[in-house]
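Chemist: Chain by chain, the residues run as shown.
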Amino acid sequence: MVELYRGDLEIEQIFKKWYEWSLDKNFGAMVSFVGTVRDENAIEGLSFDVYKPILQEWFDRWQKRAQAKGAVIKMAHSIGNVPVHTSSFIAAVFSPKRRVALELIDEFVEDFKANAPIWKYDLKDGRRIYAKDRSHKMDGSGILNSL
Amino acid sequence: MVELYRGDLEIEQIFKKWYEWSLDKNFGAMVSFVGTVRDENAIEGLSFDVYKPILQEWFDRWQKRAQAKGAVIKMAHSIGNVPVHTSSFIAAVFSPKRRVALELIDEFVEDFKANAPIWKYDLKDGRRIYAKDRSHKMDGSGILNSL
Amino acid sequence: MVKVEFLGPIGKEPMYIEAKNLKDVAKKLQADPEIKKWLDECAVAVNDKLVTSLDIPLKDGDKVSLLPPVCGG
Amino acid sequence: MVKVEFLGPIGKEPMYIEAKNLKDVAKKLQADPEIKKWLDECAVAVNDKLVTSLDIPLKDGDKVSLLPPVCGG
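Residue numbers (this note's numbering), protein chains in the order written: chain A, 1 to 147; chain B, 1001 to 1147; chain C, 2001 to 2073; chain D, 3001 to 3073.
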């Protein structure tokens, strides 16, 4: 299951929980990715909308792909406001062998950026401004204008 | 600096320390790799010898390479015995942007396996058995037999 | 009636329209200038499954979602 | 005298030998059957710097290290 939390993530707690979960599963490798809000463009933070049903389905497809390689993926993401220098995203891949984990985390994070139904806003003066210039059209975009 | 610890690593503590260190450095991405001893071949654990001077020098070269990309690498490794289902290795890359971190962790871990001066032994019945079949000749091996 | 919902930054309340298939939905949305400007950029889901074709029949109670450009992480 | 040390699983005490360069060291080590069997597989460091050539002069007090195949992690 995708884990969603309001506000910034307690990364150490989530990492600890996942690591401890993994210890008796006989995985040899755990690779994790943490995304932290950078202080740039004079923002106070970022804010996120998440559409859970399609996010979960997208994630389930990745979990099946991981399973076929003997691996497991976990992810957690923020909903709402995340201040500068706190974290909004953590993902981890567990696998018996390191190559699988190193390759999967890379592919997973890139596809996450391109296709996970999450919308990002800059927070400035308490207002949310859609980060359109950093956003990506999902696969299949535009069909409603294709008549 | 390379962090070396006797016995298995307290992964949550090390991760927490590194993560907290990173928060005000304005990195956007942290990618970490954890290696855990698998229960296989009827071993009780693994054991490691480390030659610190050459390990540190190898690591310093990687740190310079990371620095040139605006990134920082950290690593910790065990010395001596590490029981099954505990961890002997953690490395992390911190960088402003995710691509640098995802690519560096992969290259770093692969070169670590090939060239870091660390020797691995299986622990069976309390005895250390050199894991020669899983070991790799370092770059430049064999010159003393080349006359 | 089919429910059309607008996710993320589109910031519009759901619409309820008569439509026998996704083509009908497309025609009606193209007629609204506020919505039309989003259509090139939006992916589409029917009952929370992403679709890549307009040849999809719809029935009463179905839900069509518009997903504008994303950026998680 | 040059100190020759054997790292990791070679499990041998350091040797102290007369050598003007790394070639001299190679010759002496090849003469010891116990050591010779490791030579194909070992990398070599002089004063903790890895080297890739035997054309390296040595002086009194220098240290030569033999590094057998590695496997960290």
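These aren't lab readings, by the way, just hints derived from the structure by calculation. Hints should not be assumed to be uniformly reliable.
As the list claims (entries may be wrong) - Pairwise CB distance ranges, derived in the manner of DEER restraints:
1) P3057(D) / A114(A): 51 to 59 Å
2) D1039(B) / K3012(D): 44 to 52 Å
3) M1001(B) / E3005(D): 21 to 29 Å
Glycine is no exception: its CB is placed at the ideal position from the N, C-alpha and C atoms.
Chemist: Does each hint hold? Answer for all of them.
Modeler: For each hint, the structure was consulted:
no., hint, in the structure
1, P3057(D) / A114(A): 51 to 59 Å, "holds (57 Å)"
2, D1039(B) / K3012(D): 44 to 52 Å, "violated (32 Å)"
3, M1001(B) / E3005(D): 21 to 29 Å, "holds (23 Å)"
Hint check: a violation occurs at hint 2 only; the rest are consistent with the structure.
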